[in-house]
Amino acid sequence: MFHALVAVKQVPDTTNIRIDPETGNLVREGVPAIFNPYDAHALAAAVEWKRKLGGKVTVVSMGPPSFIVTLREAIEMGADEAYLVSDRKFAGADTLATSYVLAETIRRLNEQDPVDMIFFGKQAIDGDTAQVGPGVATRLDLPILTYAVKIRDIDLEARKAIVERKTERWVEVVELPLPVMLTCDKEIAEIPFAPLPDLIRSLKYDPEVWTMAGPVEFDRGQVGVRGSPTIVYKMGTPELPEPGEKINTREVGVEAAVREALAKAESAGVLSAVLGGAK
Amino acid sequence: MSTRRFWVFIEQEEGHIHPVSWELLGVANKLAADVRDEATAEGDEVVVEGVLLGEGVESLAQEAIYHGANRIYLLDGPVFKYYRTRPYSKSIAKLVKKYEPEVFLIGATTLGRDLAGAIATASHTGLTADCTQLEMGEVKGAKHKLLLATRPAFGGNIMATIVCRKHRPQMASVRPRVFPMPERNPAAQGDIIREPVMVTEDDAMATILEIIRNEGENVNLEYADIIVSGGRGMGSPDGFALIKELADELGGVVGASRPCVDAGWIGYEHQVGQSGKTVRPKLYIAAGISGALQHKVGMQGSDFIIAINNDPNAPIFEVADVGIIGDLYEVIPEMLKQIRAKKEAQA
Amino acid sequence: MSDNEQIRFDAVVVGAGMAGSAAAIVLGKAGLNVALIERGQKAGSKNYFGGALYTHALKEVLPDFMDRKPPFERPVTEAGFWFLSRDGGLMKATIEGGKLAETELPDAYITMRAAFDAWWAKQAQEAGAFLIPKTTVVDFIRDEQGQVIGVQTDRPQGDIYAPVVIICEGVNNLLTQKLGLARRDVEPAHAALAFKQVISLPMETINARFGLPDDAHGLAVSVLGDVSLGLPGMGFVYTNKKSISVGLGVMLDTLAEYRLRPYDVLQRYLQHPAIAPLVEGGQLLEYGAHLIPEGGWRDMPQLYAGGVMVAGDAAAMVNALHWEGTNMAMIAGKLAAETAIEAHKRGDFSAASLARYRDKLQDRFILQDLKQYRNFARFLETHPQFMDVYPNFLNSALADFFSAYGKPKKVLFREIFGELTHRRPLLKAVGDMISMGKAVMGW
Ligand SMILES: Cc1cc2nc3c(=O)[nH]c(=O)nc-3n(C[C@H](O)[C@H](O)[C@H](O)COP(=O)(O)OP(=O)(O)OC[C@H]3O[C@@H](n4cnc5c(N)ncnc54)[C@H](O)[C@@H]3O)c2cc1C
Ligand SMILES: Cc1cc2nc3c(=O)[nH]c(=O)nc-3n(C[C@H](O)[C@H](O)[C@H](O)COP(=O)(O)OP(=O)(O)OC[C@H]3O[C@@H](n4cnc5c(N)ncnc54)[C@H](O)[C@@H]3O)c2cc1C
Ligand SMILES: Nc1ncnc2c1ncn2[C@@H]1O[C@H](COP(=O)(O)O)[C@@H](O)[C@H]1O
Numbered sequence: 000m001f002h003a004l005v006a007v008k009q010v011p012d013t014t015n016i017r018i019d020p021e022t023g024n025l026v027r028e029g030v031p032a033i034f035n036p037y038d039a040h041a042l043a044a045a046v047e048w049k050r051k052l053g054g055k056v057t058v059v060s061m062g063p064p065s066f067i068v069t070l071r072e073a074i075e076m077g078a079d080e081a082y083l084v085s086d087r088k089f090a091g092a093d094t095l096a097t098s099y100v101l102a103e104t105i106r107r108l109n110e111q112d113p114v115d116m117i118f119f120g121k122q123a124i125d126g127d128t129a130q131v132g133p134g135v136a137t138r139l140d141l142p143i144l145t146y147a148v149k150i151r152d153i154d155l156e157a158r159k160a161i162v163e164r165k166t167e168r169w170v171e172v173v174e175l176p177l178p179v180m181l182t183c184d185k186e187i188a189e190i191p192f193a194p195l196p197d198l199i200r201s202l203k204y205d206p207e208v209w210t211m212a213g214p215v216e217f218d219r220g221q222v223g224v225r226g227s228p229t230i231v232y233k234m235g236t237p238e239l240p241e242p243g244e245k246i247n248t249r250e251v252g253v254e255a256a257v258r259e260a261l262a263k264a265e266s267a268g269v270l271s272a273v274l275g276g277a278k
Numbered sequence: 000m001s002t003r004r005f006w007v008f009i010e011q012e013e014g015h016i017h018p019v020s021w022e023l024l025g026v027a028n029k030l031a032a033d034v035r036d037e038a039t040a041e042g043d044e045v046v047v048e049g050v051l052l053g054e055g056v057e058s059l060a061q062e063a064i065y066h067g068a069n070r071i072y073l074l075d076g077p078v079f080k081y082y083r084t085r086p087y088s089k090s091i092a093k094l095v096k097k098y099e100p101e102v103f104l105i106g107a108t109t110l111g112r113d114l115a116g117a118i119a120t121a122s123h124t125g126l127t128a129d130c131t132q133l134e135m136g137e138v139k140g141a142k143h144k145l146l147l148a149t150r151p152a153f154g155g156n157i158m159a160t161i162v163c164r165k166h167r168p169q170m171a172s173v174r175p176r177v178f179p180m181p182e183r184n185p186a187a188q189g190d191i192i193r194e195p196v197m198v199t200e201d202d203a204m205a206t207i208l209e210i211i212r213n214e215g216e217n218v219n220l221e222y223a224d225i226i227v228s229g230g231r232g233m234g235s236p237d238g239f240a241l242i243k244e245l246a247d248e249l250g251g252v253v254g255a256s257r258p259c260v261d262a263g264w265i266g267y268e269h270q271v272g273q274s275g276k277t278v279r280p281k282l283y284i285a286a287g288i289s290g291a292l293q294h295k296v297g298m299q300g301s302d303f304i305i306a307i308n309n310d311p312n313a314p315i316f317e318v319a320d321v322g323i324i325g326d327l328y329e330v331i332p333e334m335l336k337q338i339r340a341k342k343e344a345q346a
Numbered sequence: 000m001s002d003n004e005q006i007r008f009d010a011v012v013v014g015a016g017m018a019g020s021a022a023a024i025v026l027g028k029a030g031l032n033v034a035l036i037e038r039g040q041k042a043g044s045k046n047y048f049g050g051a052l053y054t055h056a057l058k059e060v061l062p063d064f065m066d067r068k069p070p071f072e073r074p075v076t077e078a079g080f081w082f083l084s085r086d087g088g089l090m091k092a093t094i095e096g097g098k099l100a101e102t103e104l105p106d107a108y109i110t111m112r113a114a115f116d117a118w119w120a121k122q123a124q125e126a127g128a129f130l131i132p133k134t135t136v137v138d139f140i141r142d143e144q145g146q147v148i149g150v151q152t153d154r155p156q157g158d159i160y161a162p163v164v165i166i167c168e169g170v171n172n173l174l175t176q177k178l179g180l181a182r183r184d185v186e187p188a189h190a191a192l193a194f195k196q197v198i199s200l201p202m203e204t205i206n207a208r209f210g211l212p213d214d215a216h217g218l219a220v221s222v223l224g225d226v227s228l229g230l231p232g233m234g235f236v237y238t239n240k241k242s243i244s245v246g247l248g249v250m251l252d253t254l255a256e257y258r259l260r261p262y263d264v265l266q267r268y269l270q271h272p273a274i275a276p277l278v279e280g281g282q283l284l285e286y287g288a289h290l291i292p293e294g295g296w297r298d299m300p301q302l303y304a305g306g307v308m309v310a311g312d313a314a315a316m317v318n319a320l321h322w323e324g325t326n327m328a329m330i331a332g333k334l335a336a337e338t339a340i341e342a343h344k345r346g347d348f349s350a351a352s353l354a355r356y357r358d359k360l361q362d363r364f365i366l367q368d369l370k371q372y373r374n375f376a377r378f379l380e381t382h383p384q385f386m387d388v389y390p391n392f393l394n395s396a397l398a399d400f401f402s403a404y405g406k407p408k409k410v411l412f413r414e415i416f417g418e419l420t421h422r423r424p425l426l427k428a429v430g431d432m433i434s435m436g437k438a439v440m441g442w
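Heads up: the protein sequence lines correspond to chains A, B and C, in order.
Count the first sequence with numbering that gives the first Met the number 0 and you get residues 0 to 278, in order.
Count the second sequence with numbering that gives the first Met the number 0 and you get residues 0 to 346, in order.
Count the third sequence with numbering that gives the first Met the number 0 and you get residues 0 to 442, in order.
Hints are supplied without guarantee of correctness; some may be wrong.
Label pairs and their calculated CB-CB ranges [stated by the list, open to error]:
id, chain 1, residue 1, chain 2, residue 2, range
1, B, Lys341, A, Val231, 47 to 55 Å
2, A, Lys233, C, Gly280, 25 to 33 Å
3, B, Ala141, C, Gly287, 50 to 58 Å
4, C, Lys241, B, Glu244, 43 to 51 Å
5, C, Arg260, B, Ala141, 58 to 66 Å
6, A, Ala255, B, Ala141, 53 to 61 Å
7, C, Leu104, B, Gly136, 53 to 61 Å
8, C, Arg182, A, Lys245, 54 to 62 Å
9, A, Ala255, C, Gln176, 58 to 66 Å
10, A, Lys233, C, Lys241, 22 to 30 Å
11, A, Lys233, B, Asp43, 21 to 29 Å
12, B, Glu244, C, Ala207, 51 to 59 Å
13, B, Glu248, A, Gly53, 43 to 51 Å
14, C, Glu256, A, Lys233, 56 to 64 Å
Straight-line Cα separation of at most 16 Å, EDC-like style, residue types lysine to aspartate or glutamate; simulated pairs [stated by the list, open to error]:
id, chain 1, residue 1, chain 2, residue 2
15, A, Lys165, B, Glu268
16, B, Lys144, B, Asp36
17, B, Lys336, A, Glu259
18, A, Lys245, B, Asp310
19, B, Lys29, B, Glu44
20, A, Lys233, B, Glu134
21, B, Lys142, B, Glu41
Just so you know, the hints here were simulated from the structure itself, not pulled from any lab data.
Bear in mind that the values here come from a model prediction, so they are computed numbers and not experimental data.
From the three backbone atoms N, C-alpha and C, an ideal C-beta is built for every residue, glycine too.
Please put together the full structure from these sequences, using the hints given.
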């Protein structure tokens, strides 16, 4: 039996973020919350292998109660159980504090039912940090493979897996002992269209909610703001440089516009490699 | 007297240095300069040091010194031949413990991001990802200047400055091409300190069975000198034929905005911008790109920008050195014609 | 749930729009186990309208709806018509106070569908309905006699069984057609394409521009005249709390015939000198388009068959002149639900049993109004001047009237009359009035 554990996060859909032009503040209103896309693919991979090998998929998330929607979506996608770790005291966590809470939670879930593989997304699109996965693996002292793009094999007997990892330069085929953690890119699995019975189950499903009160005993100093070494010191809007000159082809004609633009580029010396030395 | 250490992770694979390492040595020197007065006043010394892991990479350590490191800690051994999270992160975490650097910068490459998260957790410290500005600045209540790490947040709409008050090192990951490449100085002197390798192959818990290379596909956008990028304004994937023609003529490479990549007009490796590559070519030509914030953050560091757009109010003109208001399908062929004529005239 | 176990409900409602959630509320309250199936991510995520909702219909479906905090924008405290002229003039014929202010509960509230539909579906859930989002009904399950006994959805293992299905699928009534109840798609000549923009503005700006004292006052007007390039069409302006909705509807065939792009028509309307200052400086929040079935009575499909009933836009229940659609949809949904409840009591879901649905509609304003207006769509088709010439005439007549100081009034009236006959020969004008009467009064 294969037991996969998947860490999923709810994120604001960054493609929909707007800035109030007057105040320069972020308009959060109406920005939809979505399932972090990489996590969804990671979950799809876990479910795919559960269907192949038999077993179950447990999903875990740390966040406010609104994350329940995301955990229900995980059930819709084929997860069997879902846990939300949620407490006001966790608020304001940076990646170090987040990885602490997740690691302790996973440790506990592993005691209940030993885990063979832990799936994370390669990064969460709200912060794009890609830090929590390696952080959790470090805390649990587990082998980890980041940027996983394909699971070639999971051998529960021999306790090992063969996984492909994509880097900037090549694809590595890596053999790892179980239990292992993967942080997954989108190619790891396609997200299937959930069967109706799974959707119906998800709509009725209430994830188990764990808090500071238990069952995991968290160290108060390591969670939330207190457990976060970094703080946001200030926020601002990006600065814009001075714009350069605009040449309108309608006014001067295409030929002259291009000539002028190239002349400027040449005198700035950026065409020297193409045309020989700058004037 | 104590030593304030500014560390940079020197990234290499198969003996090739990732250039971001040099860029980071450049910033580290700038950061060191930010605190030099403060340190001198207290009788402290400020140094920029690199951490280099690999197998048979001593010559690279020398290169790092030419690029601005005062000292290199070298971990050389077969277990480091290829990057694997555990041997790298465990070994570096030990060095961190031993030398207690004040600041530690790592390139936000696939390798660097993986490593940075693991080291920060093992060292129990804060890490700010994907920074675009770094400085050492005074923060109320702090005795010494702190690292002010600024990074885009919420889709690039906001710049957030993050500080790590108490924990050390203050870690930051930085994308390639955000900071300029420092001059190589072959006269520079520095020490290379060989550190003992304390991890074994068994500790790695990952065996690389095979490496599948796909040389043809590699687009070296980040380090290209000339980039010609096309956007949704091309109207169709065919536009890239024209873009490519111009790029080839200029000896440059092809870039793209995200919608083109999302629509499958061109591969992801060509994407410039926040969720693609940050580039800093000498010349960047943007054709049919509106200049959304997320695109601009990826290219505004270019030396010279030419924007071609038929909308006079397109925001891309805000960052362009020269803006041509016109139809790219008229402008680019004309550009090709004039460049060819110029080349011929030279020959 | 094992794979071969059937999914069963007492009733299925297709579409969590105005009609569907109303039906589900009524069914749920009666204790039936009802599935409300919606293809959108959420109820309302695919829906669009002007608009204003009428409280009489809401009250009929859910008497205590006001206590449940519906996400309304503003009550309609000023309503009526605006006439735009080609030279940039604006004539207003609106009413405020009077009858509008007499009732305890405002007659209508301005709303946004995304928020309202989500709330409306939530009321259905609270009444006990089971909302199944992100799922599209694609076909029916039938018994040997052809009676509908369930629906097929687009999901794997996606069949749902129920003895009665209420179709509230909106204007694109593919399912209604699939059953053979409607013969074909809505004809372009009988459908308006409505498009609108929601433009955000500070609340104070809106209040100032529209002369509203506060956000407890709102304006809903239909705009005629130089709205749609002289083509049959009608515009509208609604004030939300911190935004305004402006848009217009143009008959689909007209758009096609003149090869107009909806966006251009809308842009032109927004640039009209009377409209532009209202939206100036605002930020575009959304842009959307939606069909309105205006065929009414004549396009109405058969309303029921064995195991199914059709309600709302899917059954062309819209009175275009009065911007009535939501109320008809809600009440029709309720009546269909009541019929389903009775059918459950009798244990008979045959066409004969569900025929009661039509009788119920007949007893109410819905079928009566639609019948009365049965010629309206065709009337507009043949009398485009009602959308254009007359409003323009009225406008310039009024302008003349109020700029005629110092001029013999005889001359004035001769001029105005001359203007009318210049625009439309007198006999024709009389004929128009008679046709209009026929269309609206059902003569
Ligand atoms: C979290 C996040 C990350 C993102 N990351 C990236 C990223 O990494 N890279 C990126 O590029 N975008 C990114 N985006 C998307 C970004 O917001 C913009 O949507 C995108 O950059 C727009 O691409 P575009 O300029 O090609 O298209 P458009 O905005 O559609 O612009 C097309 C332009 O072409 C002009 N045009 C049309 N026809 C012609 C013609 N014949 N001749 C000349 N000009 C013409 C038009 O005037 C217009 O200005 C991201 C968005 C988010 C929210
Ligand atoms: C611009 C505009 C302005 C209007 N202004 C007004 C006004 O001011 N006052 C007024 O009373 N009326 C107005 N109307 C008309 C009114 O919006 C409609 O008459 C009313 O919404 C019809 O309700 P309905 O429930 O029949 O359809 P809808 O509200 O359209 O609901 C249909 C629902 O079914 C879902 N659906 C469709 N097919 C399937 C399927 N196969 N499986 C699952 N789900 C499906 C859809 O996603 C949708 O949620 C306006 C319409 C428009 C377009
Ligand atoms: N609050 C959280 N709850 C569960 N998983 C998380 C959380 N934050 C991050 N993760 C996981 O860690 C991955 C990397 O996140 P990040 O480091 O924030 O980019 C995500 O793709 C998730 O799998």
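So, going through the hints one by one against the coordinates:
1. Lys341/B with Val231/A: 47 to 55 Å: Since the Cβ atoms of Lys341/B and Val231/A sit about 51 Å apart, the hinted range of 47 to 55 Å holds.
2. Lys233/A with Gly280/C: 25 to 33 Å: Given a distance of about 30 Å, which is inside 25 to 33 Å, the answer is holds.
3. Ala141/B with Gly287/C: 50 to 58 Å: Roughly 52 Å apart at Cβ, these two residues keep to the hinted range, so it holds.
4. Lys241/C with Glu244/B: 43 to 51 Å: Once the Cβ atoms are compared, 50 Å apart, the range 43 to 51 Å for Glu244/B and Lys241/C holds.
5. Arg260/C with Ala141/B: 58 to 66 Å: holds (60 Å)
6. Ala255/A with Ala141/B: 53 to 61 Å: holds (57 Å)
7. Leu104/C with Gly136/B: 53 to 61 Å: holds (60 Å)
8. Arg182/C with Lys245/A: 54 to 62 Å: With a Cβ separation near 58 Å, Arg182/C and Lys245/A satisfy 54 to 62 Å, so the hint holds.
9. Ala255/A with Gln176/C: 58 to 66 Å: At roughly 60 Å between Cβ atoms, Gln176/C and Ala255/A fall inside 58 to 66 Å, so the hint holds.
10. Lys233/A with Lys241/C: 22 to 30 Å: For Lys241/C against Lys233/A, whose Cβ atoms are near 29 Å apart, the range 22 to 30 Å holds.
11. Lys233/A with Asp43/B: 21 to 29 Å: holds (27 Å)
12. Glu244/B with Ala207/C: 51 to 59 Å: holds (56 Å)
13. Glu248/B with Gly53/A: 43 to 51 Å: At 59 Å between Cβs, range violated.
14. Glu256/C with Lys233/A: 56 to 64 Å: holds (59 Å)
15. Lys165/A with Glu268/B: holds (13 Å)
16. Lys144/B with Asp36/B: holds (11 Å)
17. Lys336/B with Glu259/A: Holds - the C-alpha atoms of Glu259/A and Lys336/B are around 14 Å apart, at most 16 Å.
18. Lys245/A with Asp310/B: holds (11 Å)
19. Lys29/B with Glu44/B: holds (15 Å)
20. Lys233/A with Glu134/B: holds (14 Å)
21. Lys142/B with Glu41/B: holds (12 Å)
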